[in-house]
Amino acid sequence: DAGVIQSPRHEVTEMGQEVTLRCKPISGHNSLFWYRQTMMRGLELLIYFNNNVPIDDSGMPEDRFSAKMPNASFSTLKIQPSEPRDSAVYFCASRRTATVAGELFFGEGSRLTVL
Amino acid sequence: DQQVKQNSPSLSVQEGRISILNCDYTNSMFDYFLWYKKYPAEGPTFLISISSIKDKNEDGRFTVFLNKSAKHLSLHIVPSQPGDSAVYFCAASAGRYSTLTFGKGTMLLVSP
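Chains as they are written, first to last, in the numbering used here: chain E, 18 to 132; chain V, 4 to 115.
The set of hints was computed from the structure by calculation and includes no laboratory data.
Wrong hints could be hidden among the right ones.
[What the hints assert, rightly or not] Below, simulated DSSO-like cross-link-like pairs (lysine-lysine); rule was C-alpha separation at most 30 Å, straight line:
#	chain 1	residue 1	chain 2	residue 2
1	V	Lys59	V	Lys40
2	E	Lys41	V	Lys71
3	V	Lys8	V	Lys74
4	V	Lys40	V	Lys8
5	E	Lys85	V	Lys40
6	E	Lys95	V	Lys40
7	V	Lys74	V	Lys59
8	V	Lys59	V	Lys8
9	V	Lys59	V	Lys71
Using the sequences and the hints, build the whole thing.
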């Protein structure tokens, strides 16, 4: 079974550009999470979806960030316009809703560098 | 305002010795605790968990201890192996099916 798939693995862009990160959750998983990892703040939850519906986006830093989940097998996290302080590793994770919190499967992450 | 705190950014241990990683939390609603392990350029992977009805959970070389009154948990690795070198994240949730709040992580280095 394939794990959570994220793309791109690395993205280098200039300040002001739009960035789109993509995620394919594990088939059959109906909850999807976007986390951001930085040295200062560790792993922060940005937003999560249940059955493709955003449940809690209180972790999204500001209006420049948006996330969508148009279907059960695809989600995007968009930053527009990007800023240097957005540089971080962004992780997508998925799980079956009915399983315990430990069964959260992470992708390999997308490392974003904004110059 | 960190609700889950890992105050040691790094820890160095010799192979064969015990590694003890610590975690403190402030939210009294947390009742399920987990440890994740992360290698460079990979995503975190689940290691071990404990619910608040227990004070110890063991899985092979890994044991997690929970002290609810002190709002403290620790992960013991015995014996430590070089392959255990990784970043370890402590996480907590209020309810088994709710979202996870992570600490900043502790980098463990096990030297031969």
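Structure-based check of all given hints:
1. V/Lys59 x V/Lys40: Given that 30 Å is the threshold and the Cα spacing comes to 19 Å, the pair holds.
2. E/Lys41 x V/Lys71: Violated, at roughly 37 Å.
3. V/Lys8 x V/Lys74: holds, 11 Å
4. V/Lys40 x V/Lys8: Judged against 30 Å, a Cα distance of about 16 Å means the pair holds.
5. E/Lys85 x V/Lys40: holds, 28 Å
6. E/Lys95 x V/Lys40: Holds, because 27 Å separates the two Cα atoms, which is no more than 30 Å.
7. V/Lys74 x V/Lys59: holds, 14 Å
8. V/Lys59 x V/Lys8: Between V/Lys59 and V/Lys8 the Cα gap is close to 20 Å, so the pair holds against 30 Å.
9. V/Lys59 x V/Lys71: Given pair V/Lys59, V/Lys71 holds - Cα atoms ~11 Å apart, limit 30 Å.
Hint compliance for this structure: hint 2 alone is broken.
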